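**Student:** Okay, here's what each chain looks like letter by letter:
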Amino acid sequence: MRRVRYLPWLYAGPTLLLLILFLVYPSLDTVRLSLLGPNSETFVALENYKYAFTTNEMWTAFRNNAVWLILFTVVTVAGGLIIAVLLDRVKYEPVAKSLIFLPQAISFVGAGVIWKFVYDYNPNVGLLNAILTGLFPNADPVGWLVNSNVATYALITTGIWMWTGFAMVILSAAVKDVPQEIMESARIDGANEWQLFWRITVPYIGSTIAVVTTTMIINVLKVFDLVYVMTAGRYQTNVIANQMYKELYINRQNGRASAISVILLVAIIPVMLFNIRRFQEQEAMR
Amino acid sequence: MNKIKKLLGRFPLHIVVITIALVWMTPSLGVLVNSFRTPQAMKTSGWWMMFVNPFDFTQWTLENYATVLTAQDLAISFRNSLLITIPATVLPILIAAFAAYAFAWMEFPGRQILFSIVVGLLVVPLQMTFVPVYTLFNRLGITGTFIAIWAAHTGYGLPFAVYLLRNFLGTLPKDLFESAWLDGASYWTAFWRLAVPLSVPSLASLAIFQFLWVWNDLLVALIYLGGTRRVAPLTVRVANLVNSLGADWHLLPAAAFISMALPLVVFFSMQRYFVRGILAGSVKG
Chain A
0 MRRVRYLPWL YAGPTLLLLI LFLVYPSLDT VRLSLLGPNS ETFVALENYK YAFTTNEMWT
60 AFRNNAVWLI LFTVVTVAGG LIIAVLLDRV KYEPVAKSLI FLPQAISFVG AGVIWKFVYD
120 YNPNVGLLNA ILTGLFPNAD PVGWLVNSNV ATYALITTGI WMWTGFAMVI LSAAVKDVPQ
180 EIMESARIDG ANEWQLFWRI TVPYIGSTIA VVTTTMIINV LKVFDLVYVM TAGRYQTNVI
240 ANQMYKELYI NRQNGRASAI SVILLVAIIP VMLFNIRRFQ EQEAMR
Chain B
0 MNKIKKLLGR FPLHIVVITI ALVWMTPSLG VLVNSFRTPQ AMKTSGWWMM FVNPFDFTQW
60 TLENYATVLT AQDLAISFRN SLLITIPATV LPILIAAFAA YAFAWMEFPG RQILFSIVVG
120 LLVVPLQMTF VPVYTLFNRL GITGTFIAIW AAHTGYGLPF AVYLLRNFLG TLPKDLFESA
180 WLDGASYWTA FWRLAVPLSV PSLASLAIFQ FLWVWNDLLV ALIYLGGTRR VAPLTVRVAN
240 LVNSLGADWH LLPAAAFISM ALPLVVFFSM QRYFVRGILA GSVKG
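So the protein sequences, as listed, match chains A and B.
Each residue of the first sequence is one higher than the one before, starting from 0 at the first, in numbering that gives the first Met the number 0.
Each residue of the second sequence is one higher than the one before, starting from 0 at the first, in numbering that gives the first Met the number 0.
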């Protein structure tokens with residue numbers, strides 16, 4: 000084999016240059032900018048971070064991201080797994096799968112419009128309030144997206160609707176990989192379906208569950224579009240990424256926006272390291 | 000007798016599965032139905048009333064679509080979305096294919112570390128890059144132009160594209176490439192004659208992914224393009240309409256469906272590749 004030293008760099012070079020230009024250098028520069036003022040001119044040390052951790056708006060955002068993190072992740076992963084296992088047992092699996100997977104093709108903006116109609120206050124428009132007032136004629140409609148007590152949960156529901164199909168597709172492939180012989184011999188030994196699920200399926204696909212969970216965690220930490228379209232962060236629904244957008248684009252506070260991004264990155268770093276380690280283990284096995 | 004028993008035993012399963020599927024499609028169905036209803040019908044009765052009187056033709060209309068496409072300029076936004084998405088899909092895949100080939104089949108110092116960095120970059124929040132890249136684009140005077148968004152989507156799309164293609168190329172048999180090189184084929188020839196043709200399924204998965212990701216993107220377009228009608232893609236326009244329509248809110252369902260039409264066609268016609276891409280993209284165990 001002819002070896003040309005510079006050849007790999009010709010093939011990989013354009014990619015490496017673009018990665019440096021659009022991801023590596025900007026990320027490092029953002030760390031620097033987070034220590035500077037609104038116009039990136041004066042040095043303010045940790046002022047922006049202090050701001051990020053002391054304002055009410057940011058605390059609302061942190062709290063909401065935490066609620067998202069728990070509810071969205073648990074429901075999409077557990078729901079996706081349950082649906083995958085159930086669908087595995089019916090003949091019309093492909094059709095049902097398509098329907099549940101479909102929202103993955105839609106933009107957050109489209110999903111936002113779709114669910115704004117579900118949540119509409121007027122029972123002649125909003126399905127949810129139509130059901131509510133239909134079942135309980137004395138009840139008042141609920142302003143799902145404007146009532147601070149429920150608005151974040153309404154947004155999370157929309158997110159779950161969009162992403163459960165993603166979890167389902169990956170977990171379904173893993174479920175189908177569980178060797179049938181193990182299942183059959185356990186059945187012969189008298190195990191019921193519930194035991195099969197917990198004792199065989201779940202342990203067998205453990206690593207896939209971990210992968211899907213990390214993907215969901217990243218999605219949740221970065222969640223922006225849904226909040227932007229459906230409530231614009233009002234009614235106690237603000238999230239970290241939306242606050243970053245506001246600081247950058249509306250308040251023109253480059254320093255604060257940068258500090259918020261860095262906080263977001265720090266939250267994601269554990270997941271990043273987890274991914275890199277998994278990848279290296281995988282490589283070692285090749 | 001046993002058969003009936005088995006059927007009855009599975010009855011709850013069918014109920015649960017069908018209920019889940021129906022619940023999942025109901026929200027989209029509602030907006031689809033409403034997009035064809037007159038403002039009057041939309042305001043006075045829920046879309047589900049169409050099951051009661053589907054043949055009351057006074058409720059049906061195409062007016063909403065006509066209005067959003069012309070008066071609200073969604074036809075222009077549709078064109079913009081296409082103009083943004085096609086180059087922003089082709090460019091990163093082309094560039095990434097060369098890099099993936101090098102990472103999979105060439106020896107060079109730092110190969111493992113560089114690729115681990117690519118894996119790390121997969122999850123970097125794009126927010127980390129906005130201020131510096133925005134400043135850079137401003138200095139170059141390309142903020143608000145398609146060039147800016149093509150460049151940004153190319154850069155942002157590369158980690159996933161390289162990751163997916165490299166993993167696929169790495170699974171091809173080593174002998175295949177080595178015998179080609181022994182026969183005197185250059186890296187260049189082996190790339191075009193072996194690597195590319197064999198990766199067509201992976202390239203298709205990747206193309207669908209990148210296409211949907213760019214078409215459905217709101218944030219990157221908001222930051223680098225802004226909201227002017229001349230350049231705004233569908234997502235940005237529809238997001239603006241949500242906040243600005245007011246009394247004309249009856250136009251929203253039609254607007255939303257125009258923004259979803261192409262992704263839905265892609266989804267239904269190429270679901271297999273889409274699923275394959277999702278499976279290959281998750282770091283597998």
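For the record, the hints were derived by calculation from the structure and aren't laboratory data.
Given the structure is predicted, the values throughout are model-derived calculations rather than measurements.
Any given hint might turn out to be false.
[As the list claims (entries may be wrong)] Interface residues of chain A toward chain B, partial, derived using beta-carbon atoms under 10 Å: (1) PHE107; (2) VAL141; (3) GLY142; (4) VAL145; (5) ALA240.
[What the hints assert, rightly or not] Straight-line distance between alpha carbons at most 25 Å, and here's what the computed DSS-like set of lysine-lysine pairs gives: (6) LYS245/A to LYS49/A; (7) LYS90/A to LYS4/B; (8) LYS175/A to LYS90/A; (9) LYS175/A to LYS96/A; (10) LYS42/B to LYS90/A; (11) LYS5/B to LYS96/A; (12) LYS221/A to LYS245/A; (13) LYS173/B to LYS90/A; (14) LYS221/A to LYS49/A; (15) LYS175/A to LYS5/B.
[As the list claims (entries may be wrong)] Listed next, the stretches of chain A that the computed footprint assigns to chain B, with coverage defined by at least 3 CB atoms under 8 Å from CB atoms of chain B: (16) 51 to 62; (17) 73 to 86; (18) 129 to 136; (19) 177 to 190; (20) 193 to 202; (21) 255 to 264.
All residues carry an ideal CB built from backbone N, CA and C; glycine is no exception.
**Student:** So if I understand the rule, the pair passes when the alpha-carbon distance is 25 Å or less; does LYS42/B with LYS90/A pass?
**Tutor:** violated (40 Å)
**Student:** Between the segment 193 to 202 of chain A and chain B, see if three or more residues pass the 8 Å beta-carbon test, and mark the coverage as holds or violated.
**Tutor:** It is violated, with 0 qualifying residues against the three required.
**Student:** Using the nearest Cβ pair, does VAL141/A come within less than 10 Å of chain B?
**Tutor:** violated (16 Å)
**Student:** Given the proposed pairing of LYS221/A with LYS245/A, does the C-alpha separation stay at or below 25 Å?
**Tutor:** holds (14 Å)
**Student:** Taking a Cβ-Cβ distance under 8 Å as contact, does the segment 255 to 264 of chain A have three or more residues in contact with chain B?
**Tutor:** That given contact holds, which follows from 7 residues of the segment 255 to 264 of chain A lying within Cβ reach (below 8 Å) of chain B.
**Student:** Given the proposed pairing of LYS221/A with LYS49/A, does the C-alpha separation stay at or below 25 Å?
**Tutor:** Within the cut-off at roughly 21 Å; holds.
**Student:** Between LYS175/A and LYS5/B, is the straight-line Cα distance small enough, at 25 Å or below?
**Tutor:** holds (23 Å)
**Student:** Does the nearest C-beta of chain B fall within a distance shorter than 10 Å of the C-beta of VAL145/A?
**Tutor:** violated (14 Å)
**Student:** Hold the hint about ALA240/A up to the distance rule: shortest CB distance to chain B must be less than 10 Å.
**Tutor:** holds (6 Å)
**Student:** Does the closest beta carbon of chain B sit nearer than 10 Å to the beta carbon of PHE107/A?
**Tutor:** holds (6 Å)
**Student:** How does the coverage statement for the segment 73 to 86 of chain A fare against chain B, requiring three or more residues with Cβ below 8 Å from a Cβ of that chain?
**Tutor:** Our answer is that it holds, as 3 residues pass the Cβ test (under 8 Å) against chain B, meeting three.
**Student:** Could you grab the alpha-carbon distance between LYS175/A and LYS96/A and see if it respects the 25 Å cut-off?
**Tutor:** holds (14 Å)
Violation of the numbered hints given earlier is confined to hints 2, 3, 4, 10, 13, 16, 18, 19 and 20; the remaining hints are satisfied by the structure.
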